[in-house]
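Student: Protein chains in written order, with this note's numbering: chain A, 1 to 269; chain B, 270 to 859.
Quick caveat, the hints were computed from the structure, so don't treat them as lab data.
Mixed in with the good hints there might be a few duds.
Unchecked claim - When the alpha-carbon atoms are kept at most 27 Å apart in a straight line, the in silico DSS-like pairs for lysine-lysine are as follows:
(1) 31/A / 464/B
(2) 623/B / 42/A
(3) 623/B / 161/A
(4) 623/B / 31/A
(5) 433/B / 105/A
(6) 109/A / 464/B
(7) 91/A / 464/B
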Amino acid sequence: MTQEKVFAKVFRYDPATDGKPYYKIYELPWKPYLSVLEVLVKIYEDYEDIVFDYGCRAVWCGRCGMMVNGKPVLACMTPVKPGEITIEPLKGFPVIRDMIVDRSKVKAKLHSIMPYLLRQQPMEEMPVVPMATYEKMCGIYRCTECLLCYTVCPALKDDMKLARFAGPAAMLRIGMRYYDPRDEGDRVAQAVKEGLEHCTMCGKCHKVCYMGMESARGLPSIQGPPGLFYIDHLAVLGDLREAAEERGLLLPKKSRKGAKKPKRGESVA
Amino acid sequence: MPKKGFTEGVHSDKEELKCVDVPIPVVHQTDVLIIGAGMAGMTAAIEASDRGAEVILVDKGPFARSGASGINWGHWFITELENPPFPKTPDGIFGWLMVWNEGIGNQKLMRSLAERIFEEKRALWTENTGSLCMRKAPDQVEFVPNTSAVYNALYPWMIGEEVKRRGIPVFERNMVTSLLSHSGVVVGATSVDIKTGGFNVFRAKSVIVATGPLGWLYGWYGVSALTPCQPECTGDGHALLYRAEAELQNMEFGHGEMYGLTPPTLAGSLGGAMATASSPDIADSVCNKDGEFFLKQDSNLSDFKKVTFTYGSLYKAVNEQIKSGKGGPNGGVFFNAKTGWEKNAWRPCLVRAKEYLGWDACAEPVEVMPSLYTYGNSSLIQANINENNETNVPGLYATGMAGMAFDGSTWGMRAGREAAKRAAGIEQEEIDPQQPIRERDRVYGILERNPRNPLRPHVIRHRVQKLATEYIALDRNDKGLRKCIAEIERIRKEDYPRMWVASKKHTWNREFLEALETEFMIDVQEMIARSALMRTESRSTHYRSDYPDRDDQNWLANVYIKRVNGKMKAEKRPVVATEISPEKIRGMLP
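Chain B on its own, in the form it takes in the complex (with noise of 0.2 Å):
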């Protein structure tokens, strides 16, 4: 039986509960830091290598195999194909996006992305690290399998193992806990090993946050939240952005496929059912719990060809359904299988389901909701940063999907370029020796907490998680994000400083870990509720029950995120449109 009132946690009124071992914290000194081992990270470590700077690799999860990376669909933009399914200039490229990220995207940054897509010979590239494209001949690539999970593990293990072999340090399960800076420079970071308990100190003349994503954050459905991605994507790296003082933007912007709720092992997962905004037969597969396929009512929701298919647009769809009481108990819609995966790419998870846990999709609808898989609508940009990758925060660089959702391995190779030229032409800055003891002490002062009313982190956790569920997921409005952003600030100031952790220990303390994370969560969480907020229309993946149409005439513009004397201050500006006119971008819009 349970032990009573574990899962609240235990208060003692022992002192000896009080005194926790506390690690010596060990300095690295390099040119480079890269926080964040995906795609991006691990991209910008070999360009920075590439160009005589020593570099650092710090990743939360197990090398090369944690994230979103582990489980990406690793979407590169290989412009050689034979075949693309995007277009060939880089005109045609831009224009693309535009489109896609219904004109909000940052021109500047879009021109330079899909510029630098046909600079890099980026086919010849990957197969450099160990990987391979299928070639018609030597200089004609006809296929280059581009996902992990649905394919292989091609990208993330070749590239880890181009790293390795450069015998670039990488400090694996190790979680930063926060950026080092002096006089507004950022100097380096702080990590714990949760390995082994120890305290890492890092001195860096360039710091790249190359994170992933938030997927972590939404929701709570047994032993997930509603996403593909890895536990370790809790939004550490937008969460240390922030507290740096460096500027956010776009953060109302999720990506959702819709995932299957049940059973909860496999919710959120690749083995559960699936229906993707991309796929062909979305109208075919996803239906009210009366079995109608209420997607096919709607013309422009009946075939994703169509521009005017949008994720807003079926978010909006599915919203009517559960608001007129056809969803399903779990508050989703459903997805057939019988009519949907007999021509969809996913049905070897579903087969998989069936073999292993005796799961037939098959055999009725299962409900699904659109899950998280990135956020920022994998073109738009999150960490604001200029055409080098830098944030407004002299010495930090973003990329990955805390900085750009879209295609990390391109940015990543800029972010390392840049930083490596910085470096090269600096010397390393002084840190305040006090500083890193000051974290430290912060951390490890966690295992101590011994307050009066204990909750363990994963109560704290869960009920920032629920917040996505009920608030930011599907119906977005007013007020249920205004209740939203009080019930965080009440988390923070309630819930947080109750926080208890029942295991001291300091080797693979899994408890400690969320601890740390938990603290990053509700920041996180607090970003995406106040943009979601500030933003009164409906575009792309953000949906708003109380403003469903988009608005052209006000909301040509982004939502920044900063700190400000420790508060969060959100902020709208208009486009950074350098080559289309807003007006010309109403013209353009379907």
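Isolated chain A (complex conformation) (with noise of 0.2 Å):
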């Protein structure tokens, strides 16, 4: 029986040195659990070398993400099949070299929506964080920050400057401090202003994301009371939504009529 094979597509590019991106074909021996990493680290190995980025290889740590066969995954457990399969770097974002793409537009977004604590009262003197937002606020931390995402937003109308739209990652932080007690900004007022008018409430972000799934949650731990908690992007959404209607900073859409606002725990697909 002759071993089956991968052709391994790779996008390969480096702007100090190619005029433009182009493609190669690797060859590789096909075995079962075969992973994307595994065959970058292959071909970084055996044929040549090759820039890419990954750290816990468990879907954890958000490091290596890039386009499969045209779809947004993390390389580490997405498998491959014997046959083909397109490698490109994340779509969207400036290419640095070869899979390495400039995310620190995103990042410097991230940050500059403050999602730290947003407090002048004394912490000793807190609010009781109830344990339903606890849970939700739980959910939103376990962002990796792998920016799936903001390749198949469509509200951002592929503008990674954010100058429209924050983005689906950078959204999630605003509502993890609107839903937080101990937070004094007002975070309603805020997502407004960082366009969250244009979010249609596709879905398209839960659909991508890692964390966005039923599965991620796990049992209950044996450590302490709360096991995995997961993310629900259209709830985070359509909480802040619905908080911006109330207060008027936001007009009822009309294309949104027949949209109804899935309950935490539903599934989206």
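Put the two chains together into one complex, using the hints given.
Tutor: Structure representation (structure tokens):
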């Protein structure tokens, strides 16, 4: 029996020396549970000096986000089938070299929206966070900044300068502090300022998110009461929108008439 | 097809290869320089800046998302907890630590840690940075989500935001290549910027080494070593301390949970099967290739709550199985998820592996091996520091996993304060202007190398890593460890000069980074082997098959490693027993 093979069509580009990006096909032996990350490491070790980044190998760290067959995924847990596969850097971001893209603008945005606690009152007198709020916040805490959601969000309109809409991850952070009873900032007004109206509630960010799945929740831990939490993008965005509409900061959108707000925990697919 | 000879490298007789651009050093001045931006480094930065010091943070990975902290458990002893799993008094914690590290902890440091845990109001501290504790009432903390990997990325992310909010300059993706010193005092460091290939020189009044553990030294399984750590954890800090002639200790103690070996992409990661020595179902889940749950046969091992349960006794049992031919094809034993993971907190990881990769940990038992998360048995300190986190070299502080595996943040706080205090009281020492230039030429000289029989950096580093699997991981013995040291010396003498970097580019040169790390890894692997060779007994996570028992008569002692006249020296010294005498310790231990 001949061994099955993988033909990896890989995006290559170094702006310093290459006039334009090109693709190169590498032929590798296939084996069960071969991942895209493993393919890249193999190419790096045996074929050619190729640049990519990875960390935890278990979708916790969000460092290996890239496009595989046109879809944004984390390379470490994406299986490779025998035959052809296309590996490209994350769409929409400027390429620095091969799979490395410049995420600095989005990262700067994620900081500039002030995800830390805005509080003037003494911390000692802070209100107790109710369990339901705690769960919502802990879900958002799990965002790894892999930025897969930025490649699919239609509200961004491929504008990674984020002048129009701050993007799903930024909205999550604003939402987290909107829920947080200790926070004294006007997070609803902030969300509107950051372009909340442009969000169409299409749910694409939720579908690509590795932390957005019910299964990520798992069982209660042996160490403490809550188990894992997952990110519910539409619930956060919906809550922000509702609050903004209530305060008259945002007009109810006609096009959204049919769209019902999904309940927490409801699958979006 | 692979290019012929690419893995081994290509030698060229052409002279043109030798002209590599060398960047001009950019000099930065600060009061406190912190190397490593994990939990310890970031806490140190915040505490130092609170005390008015100028701080610079240098991190090899992406800031607040890398190393061990990027996937860490974020362990903090929050003593305000309603039902803490740990003792509620300094004495209680001290005693608990004593038993945990089987009598060889530095009592002065452990006392200092135990007291500090109560002094710092850390639940409040974390909340000030924006983190969240679950409270019953404002003064009553009920639950602290204590991990990032299994729960959420809470602490590193939030503390990272606090660092940025304060405007502390962070040099991310910068690998520190050397510490600068002037007449025996550490006065700064040099780093290579991976992003641009630039060369940074830092002048500082005090330097804190707050780097992570050594996980990446522990074997090679396709995409990673057998460790949940991220690729940054190559032990740079340990090597920097060693090269600055600071003393290290307890390098022989590893800290290993059992992680899956297959499939390669999941080996050692949190996505694979795993059993933890502290999980209640370990005896139900770890079996040999015949499906026998061998830990159940030993009453000491079947219940983790018993104090007699130690990593050492676990390794011993596992090693016996493998030696008697009941291990798996990759040299491990097995983990049966069906009998174990229903009760196990790790289940979500396995659910994901099934969902995304299509690999089902439940289908059949998965081969597992003790992996390496930290070094130092979690409660043993690896840099020889005093209770102010100072090393024996003036101006050099250590914390984090390079200094203190257990509760890096508490140590980070003290290190930051003490370093800031020192910086406030002194003038910046001069640095020899030639020293950074020499270091730059050495570093970028790696790109210019054109050896006769070239080897690419990853070939050499895999050789170093595989020594761990063969001689250091499970079955340590005199013969093996001597062989290991001989092989390290051979690699240093023969392989390292053959190292050749294919790409001469400066931006994001992965190979260049690996080349720089490899040199450090060789040093660190030698430290581990030499310490393990010296300790002729089994204790805690150090298991010697030729000395399988604990020897309390001779080994209530620590092994110290220091560079003396350019050579590695290991030295045995009795434990620092300021409170409990060795006689009393012998009576205390199970």
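Student: Confirm or reject each hint.
Tutor: How the hints compare with the structure:
1. With a CA separation close to 34 Å, the supplied pair residue 31/A and residue 464/B exceeds the 27 Å bound.
2. With a CA separation close to 23 Å, the supplied pair residue 623/B and residue 42/A stays within the 27 Å bound.
3. Taking the CA atoms of residue 623/B and residue 161/A, the gap is about 37 Å. The hint is violated against a cut of 27 Å.
4. Using a Cα cut-off of 27 Å, the hinted pair residue 623/B and residue 31/A holds, with the two alpha carbons roughly 17 Å apart.
5. Using a Cα cut-off of 27 Å, the hinted pair residue 433/B and residue 105/A holds, with the two alpha carbons roughly 15 Å apart.
6. Taking the CA atoms of residue 109/A and residue 464/B, the gap is about 20 Å. The hint holds against a cut of 27 Å.
7. In summary, the hint linking residue 91/A to residue 464/B is supported, as the alpha carbons are separated by about 20 Å, within the 27 Å threshold.
Of the numbered hints given earlier, the model fails hints 1 and 3; all others are met.
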